[in-house]
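Residue numbers (my numbering), protein chains in the order written: chain A, -15 to 234; chain B, 275 to 661.
FYI, nobody ran anything at the bench for these hints, they're computed from the structure. Any given hint could turn out to be false.
To be verified - Computed cross-link-like contacts, DSS-like style, restricted to lysine-lysine with a CA-CA straight-line distance of at most 30 Å:
(1) A:K36 to B:K366
(2) B:K533 to B:K564
(3) A:K68 to B:K413
(4) A:K36 to B:K590
(5) B:K650 to A:K121
(6) B:K347 to B:K641
(7) A:K185 to A:K197
(8) B:K465 to A:K64
(9) A:K36 to B:K388
(10) A:K121 to B:K347
(11) B:K590 to B:K650
(12) B:K410 to B:K388
(13) B:K641 to A:K35
(14) B:K527 to A:K64
(15) A:K145 to A:K14
(16) B:K413 to B:K439
(17) A:K35 to B:K644
(18) A:K129 to B:K641
(19) B:K533 to B:K347
(20) A:K178 to A:K191
(21) A:K129 to A:K23
(22) B:K533 to B:K465
(23) A:K121 to A:K36
(24) A:K64 to B:K413
(25) B:K527 to B:K574
(26) A:K68 to B:K388
(27) B:K366 to B:K308
(28) B:K564 to A:K121
(29) A:K64 to B:K347
(30) B:K390 to A:K68
(31) A:K121 to B:K410
(32) B:K502 to B:K564
(33) B:K390 to A:K121
(34) A:K68 to B:K410
(35) A:K64 to B:K533
(36) B:K641 to B:K308
(37) B:K390 to B:K366
(38) B:K641 to A:K68
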Amino acid sequence: MAEQVVPSRMNLALYKAKIISAKKGHELLKKKCDALKTKFRIVMVALLENKKFMGDEAQEALLLIAKAQYAAGEFHQNVKDAVKRATIRLEISSENIAGVMLPEVNIREVDDSDSSMSQIGLARGGQSIQRCRDKFKDLLILLVKIASYQTSFVSLDQVIKVTNRRVNALEYVVIPRFTATMNYIDMELDEMSKEDFFRLKKVLDNKRKIIEKQNQETAKRQLEVEDMNWQERESYDMLAEEQPDEDVFF
Amino acid sequence: MDLCVFGVDDGYAEAIIRGLRASFLTEAQYQQMKNCASIPELKSFLEETDYQNCLQADNPQIPTSILRQRLKKKLADEFEYIEAQSTGTLTKYLFHLRCRFMIDNVVNMIEGLKNKIDIEILLSNIDPLGWFPEIKNIKVLEGDDYSSLYRDVLIDTPIGVYFMKFLEESIENLHENRTLNDIQNLFREMKPEYIRTSLKKMWLEDFYLFCEQELMPTSQEALLELLKFEADFKTIQVIYNSIGNRDLNTAAKIITTRKQLCPTIGNLYPDCEKMYLQAMTLDALREAVKGCDNYRDLLKDAPDPLKREEFNVQTKTLDDIMYDDECRRYALAFDGQGSYGVFYSYLKLKEQEIRNIIWLAEMISRKLAKNHPGWKKIIIPFSHLGK
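Required output: the full structure, derived from the provided sequences and hints.
Shown next, in the form of structure tokens:
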């Protein structure tokens, strides 16, 4: 991946920006994770307490129903027949914890003014049935609470896992990769500038050599010219002397 | 005089009942049952007792509801056998005994049908003691026609008379010019528990009358005493259970309801009627019944229905106290000679035994610690006699 990037100034700037935002994201996610964990712990403790409590409560409720049956005989059919509508209803709202929607179940009790429930067992065991009913109502409320906590618990758990994965991915994969790419670009650019510099040097060197050569030649020619001049001057009359013609080979 | 001729007609039936006395579980057997660790163990223990045959076909992990059904079936079978062996007055008498269960069944059937529960399920749930052939005819005809259900179907059932009487009384209370629609509405809105309690009250009064008019003096003596106590207990229960009832919030309403549901026989009626009808607290009820021998003692330990916190699994409820007292009376009546009281007591004591077994089954299936107070709750028939 890092190899595929074209090393250029623009890309370098781009990656620098990317790293900065990745670091910011990492920081934010970490904060979110912490917030979620705090909530998670609260939910966990509440859930645990309620669940421990539930065991005893359920045991007692079941004993009470056994007791009511002992007193009043089989009455569950009568209860079923007497119930016309639910007296306990649930309302679901949601709570926002660090961007996570947690379902929150609220219990609404509908007043059962015209139910024929309270007359069950009038001739025998009525009180036991009423107590049993109250107990089961408590148990139901407890169960609803537990269900609410459990849902929160599960969804929080999932979100925390996802967030943790993101935090780790940013910290251990994305940021190092970007840094590597940036370093690579940096290095490559460095190299390129060095090469450029070297090339320039080379060119200058060549140029200097050429100039030197030219200079030498000019100097030589001058020397020759001077020499010739001097010879000419010396054998002024030697003009007649046969000069080997360069173009002519014998 | 009647002791001499009792055996002529009813000697055989009585002998069978006396033989069945041996089928009651003993204290030692209860002790063994308490030591069972699981439901299969309890079942295999019961298979060694008199309940052997009725449980054999079942799965060892038998649910308590099925267990109860089986035990009841056995009692019903025994009772049917005795009924088949009886003649004359005794047959009528035994039939009267079963009417109580029939009322329960019919009211349950009607309520179930109102709620559109399948008739097969309803038939499978009925109490075998209160079974009679016409019960299958109870079904709602087209268009929610309850009044014709009452008019055409219920009148043919053995307990039709009570329904007629109840109808007449309810309609009288309604207003002068009533229509068929009124009757229909009346029954749609009538609370089943109210119907049930009223019918049972009528049955009790009717049964009392029957005993008074048709039985021989020895039987009369024993039964009228028992029925008086039953009526009193019913009265006390109705008053007790209606204390703090949310439905019956006005004083006038509570008094009319009580007046309709309390039997007009027994030791408390009519002397204390005015007092107990107006009792709005447990103390007032105690005050109302203090004239009659041991009722005050009965109510002394009962938990106050207005105080919710006092009630938990360990509390000895009014029902427990009453069962205990009833059990003692019935055990005494069972041993009385030459009276029909023995049949009545047998039924009641067997019912108590079934309750005990079911209770123990519940306790075992909850895996409660052996020192839990619930284990002591059961009331063993005839255990009072030894003391």
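> Given the hinted pair B:K527 and B:K574, is their alpha-carbon gap at most 30 Å?
Replying inline: holds, 27 Å
>> Tell me if the straight-line CA distance from A:K64 to B:K413 falls inside 30 Å.
In response: Roughly 19 Å between the alpha carbons, so the hint for A:K64 and B:K413 holds.
> Does B:K413 pair with B:K439 here, judged by a C-alpha cut-off of 30 Å?
Replying inline: It holds: about 21 Å lies between the C-alpha atoms, which stays within 30 Å.
>> Checking one constraint from the list: CA of B:K641 to CA of A:K35, max 30 Å. Satisfied?
In response: The hint holds at about 19 Å.
>> Just to be careful, I want the Cα atoms of B:K641 and A:K68 compared with a cutoff of 30 Å; is the pair within it?
In response: violated, 34 Å
> Going straight from one Cα to the other, do A:K35 and B:K644 come out at no more than 30 Å?
Replying inline: holds, 25 Å
> Between B:K390 and A:K121, is the straight-line Cα distance small enough, at 30 Å or below?
Replying inline: With a Cα-Cα distance of about 26 Å, the restraint between B:K390 and A:K121 holds, given a limit of 30 Å.
> If you draw a straight line from the CA of A:K121 to the CA of A:K36, is it 30 Å or shorter?
Replying inline: holds, 18 Å
> Is B:K641 close enough to B:K308, meaning Cα to Cα at most 30 Å?
Replying inline: Roughly 11 Å separates the two Cα atoms, so the pair holds.
> Within a Cα-Cα threshold of 30 Å, do B:K390 and B:K366 meet the stated pairing?
Replying inline: violated, 35 Å
> Going straight from one Cα to the other, do A:K145 and A:K14 come out at no more than 30 Å?
Replying inline: holds, 12 Å
>> Tell me if the straight-line CA distance from A:K129 to A:K23 falls inside 30 Å.
In response: holds, 16 Å
Of the numbered hints stated above, those contradicted by the structure are hints 1, 9, 10, 19, 27, 28, 31, 37, 38, listed in ascending order.
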